[in-house]
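Engineer: Chain residues, written in single-letter form:
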Amino acid sequence: MRRSITFRHAAACLALALSTHATLLRASGGDDFSENPFMPQFHVAAAELQAYAGGKLGIVMPSYWRVYQFLAYRALTGHPLAQGELAQLGVRGYSVGPAAGGYDYAYSEEKNGVGAWLAARASVRGAAAVKVGVDTDMGDYTMVVNCPADAFDRASKTLAQRIEQGGQQWAAVWLAAQDAVFANCSPQLPQMRGGGGAPVARPLTLPAAAPAKAPAWLLKDLAYQRAAAHFYAGRFDEARAGFTEIAADKASPWQPLGRYLAARALIRSAAAVPNAVLAPTDARVRERLTQARGEMTAIAPDYAPARRLISWIDVRLRPDERRRELSAALAVDVLGPASVQMLADYLVLMDKLEPSGLLAAADPMTAWIGAMQANAVEQVGRGDEAASAQRRLAALAGARAQWDKRHEAAWLVALLTNARKGDLKPAETKAAAAVKADSPAYVTLQYHLARLALADGRVKEADATVSALLDKPQPVSTRNRLLRLKMVSAAGADAALAAAARIPAEAGGEAAVAEGAKAAAAPQFDEDLRAHLEQHLPLALLVQLKPKLAASEQAATADLAWTRAVLLGQYAVADALTDEVARERATTRPLYARYKAAATPAAKREAALLILSNTPELTPHVNGAGADNAGAYWSCESRVSGDDGMDQAMPAFVTAAERAQVDKEATQLRALPKRSSYLIPLMIDWASRNKADPEAPKALHFLVASTRFECGAGAREAKPRNYSKEAFDFLHKQFPKSEWTAKTKYYY
Amino acid sequence: MVPVGAAVRLLALAGSVGRSGNVAGAGTRAAASALAALPATMLWAWERPEDLRWLPPEAGVAYVAATVELVGGEARLRPRGFPLLVRADTAVLPVIHIDASMREPPLLNAAQHAAIVAQMLAAARRSGPQVVQLDFEVRASQRPFLLALVADLRRRLPSGVALSVTALASWCAGDYWIDALAADEIVPMAFRMARDDGAIRTLLAAQGGFTRPRCRAALGVATDEARVDAHGARRYIFSPRAWDQAAWRHVQPP
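Residue numbers (this note's numbering), protein chains in the order written: chain U, 1 to 748; chain H, 1001 to 1254.
In case anyone wonders, no lab produced these hints; they're calculated from the structure. On a predicted model such as this, the values are computed, not experimentally measured, just so you know. All C-beta atoms in this analysis are idealised placements derived from N, C-alpha and C, irrespective of residue type, glycine included. Check before you lean on any hint, since a few could be wrong.
Here chain U is said to cover these stretches of chain H; the calculated rule only asks that three of the stretch's residues, wherever they fall, bring their Cβ under 8 Å from a Cβ of chain U [said to hold, decoys possible]:
no., region
1, 1153 to 1161
2, 1198 to 1206
With the C-beta cut set under 8 Å, the calculated list includes, among others, these residues of chain U facing chain H [stated by the list, open to error]:
no., residue
3, ALA99
4, TYR141
5, THR142
6, GLU408
7, PHE709
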């Protein structure tokens, strides 16, 4: 139930001084949702949406939510959206249309219409105050708005007419009847205990019988009000009978609404069937909806609300057919106000299909969306990799079959999206390369051609393709995605590092809010820069390239290189970085002076040991080699790898010899046990030889403290020992009067 | 008059709230006894149709009654849209889930505070539960808001209604900051722990649960993650899919 987002911001890192990692933001709402602000995986950045819908797609990602796949399909098949069409849709995240009413709808008399109705009531002299609610309990832990705002609006207008028509005397009678109708909206029920599937019996309040000498119009209204009271009280058979009679009464002013409301009573009675949502195929539900659909169809030509309800019924009664109808219309039609609900329905109906069902759908747009999403990164959790791989292969085959049959750019996009190394046939590669730059498919296809060329080892070709794309204006998120490729494909380190700076595609995130406009102007970096620095560069190259990095990245890189250097015994390398590592660390600066004064490797090792013991954030950041050691070494933080694998790919500018050195150093570092198992025995040994040194109890204190919640990453130990306790015991025994001992109250 | 539009599902909202016996702060005797009456195992019923009529009486259900989405300065209500079926003897408690927008971080203004309070009070009033739960995983900068919100809730809920609040597992571990949280029960969620997963699982295995007094009474776990046990704690169990009896058997102790 957690959401997280990784947001790397150089200025924020500087402010944190010692942090070398991205800021992990944790918000509410859970389900592990996260997005990369430089290239959102699931939605098109707001600033790019209009151009995207208009056909300037940039790179269409398989992980995009379906509404963005829909927009891409429209563009790829020659039906991009005009500005007005997109505005009408009101795209919001993964949905469309206006957001549901505010939290206060049910008790905001201004929003739910009750306030206006109560004001209208006041026009009848002597009208007693009443309390009116709008929602009622369904008995299954859900509530429905039983009496929406238009009911109160209609009542207000009718009351005004009746005052004019019959004067105060008869209007008062009318109002008393209407108060009875609305008393059924939100009746007081006994406290619920258990849904159980049994319908909740709601009390019924009926208007009083017509007084003697009541005018004809009042009699007609009372008939309508009695039917309405039954309707709101959930007595749908009686309501339906009443409205049916009204439909046959040509003298009733409500006659034109009679058939519609009788059908609505049927719909409500279907929704009220116990367990209706859990068992939509319930025969009673189907029977009532089928009948209601027939009745609505009869009046639909002349009544728009009836047409809307036919669609509402179809989504529930014949979802597959309705999805196909919606798909066919939405794929090509000019979008208008009615399209919002159509698209909302279409998205909901797609949600009811399994991925294989999407892919196998008979309607091309649904099948295309299924093909595009077949191997998308999971929005939530890790997902089932084997199933995802199978879906990809099925999608690859499906897209290929469609491409072979139709030769439509949309299917070529789906084909390349699902292709991996060696999957594409030469003719397919040729076809993708031949797509012209003005096609909405162009950037996506070129991106995948570059990605596949990189995977095949055709690095120069990939780099040329990426560079050509970067030479042209691109949406920010597309540019960022291309820059991730460029960091890997660039032949030289300078070009690769130049590709590291990014602009967020979307503002947001805690760091950005905190840092404000000043931060927005600072260079920013995605995770791939740090991933390359930590995983793909040997120590010597890391040091060599450090001066070329942005200022914000230098401190973290100096820490990384210094730590690795002392752990690898390359003290000459560490020496050159010591002043920089010490610069922002006032409290431990004397330890760095001690290190600098050390003349021999053994002395440097011991001085470095003190620094490492006092400074837990100094870690070598070596990724683990296996499942047991998956996090960064000496810490359990793991980097978000992005959805393209680029931060795991070795940059082209790293030579074969340097790659060998990377492996060698990583092997050496991975051989170290976890931090406490490495440092504590060494520190106990050193402290036992240097008992008079005040740094000894201090270092032991910090080491014990750092074992709390220590990550277990490190080489497997044959006989793991509780070094936290050993250090604690040693400290208390050897330094009983030290202030640091007094501060060390627990071991872990 | 009869509406022309279709019915809209919406959670009931309170016109008035519990005014009797309001007690500031957590840990009243009445609230404690409400919690004591709650089963030791509670299934979280998330926003999906759930038919839990098969659930044995020794387990209860904590169902999402509504989600309040905080977007910029707005609070948007997403009431429960799916039925929950339980037997009449099943203990149920409503959960109000708060979803803070990433795209438009919430301003955490008074209206948003009021919206959450209104939902919690309505949930407590509506079905007469003895316990209500708030699920709001805040960022560091949002913690003062949560502290104030929970304190206000505790003051305004009837004293006999216990206030349960979920917590990130890290809040009960190294990032402990919830000592002043005025909840009667805190439910650290030992699942979906991302980078903290290894460390916290190691801790829980070594200590048999969280050791902070405020974190010992309850534990949240998930059906799709490795088992986590905590001695004596009430277990709240999350399922990413609708519950069925197989999932229920799966989470039974070996």
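Engineer: All hints, please: hold or fail.
Structural biologist: Evaluation of the provided hints:
1. Three residues within the 8 Å Cβ limit are the bar, and the region 1153 to 1161 of chain H against chain U gives 0, so the coverage statement is violated.
2. Chain U is given as covering the region 1198 to 1206 of chain H, and this holds because 5 residues of the stretch bring a CB closer than 8 Å to a CB of that chain, at least three being needed.
3. The beta carbon of U:ALA99 is positioned within 8 Å of a beta carbon in chain H (closest approach about 5 Å), and the interface hint is therefore held.
4. Among the interface hints, the one on U:TYR141 holds; its C-beta lies about 4 Å from the nearest C-beta in chain H, closer than the 8 Å criterion.
5. Satisfaction of the interface hint for U:THR142 is found here, the shortest Cβ-Cβ separation to chain H being roughly 5 Å, below the 8 Å cut-off.
6. Checking U:GLU408 against chain H: minimum C-beta separation of about 33 Å lies over 8 Å; hint violated.
7. Checking U:PHE709 against chain H: minimum C-beta separation of about 5 Å stays under 8 Å; hint holds.
Hint compliance for this structure: hints 1 and 6 are broken, all remaining hints hold.
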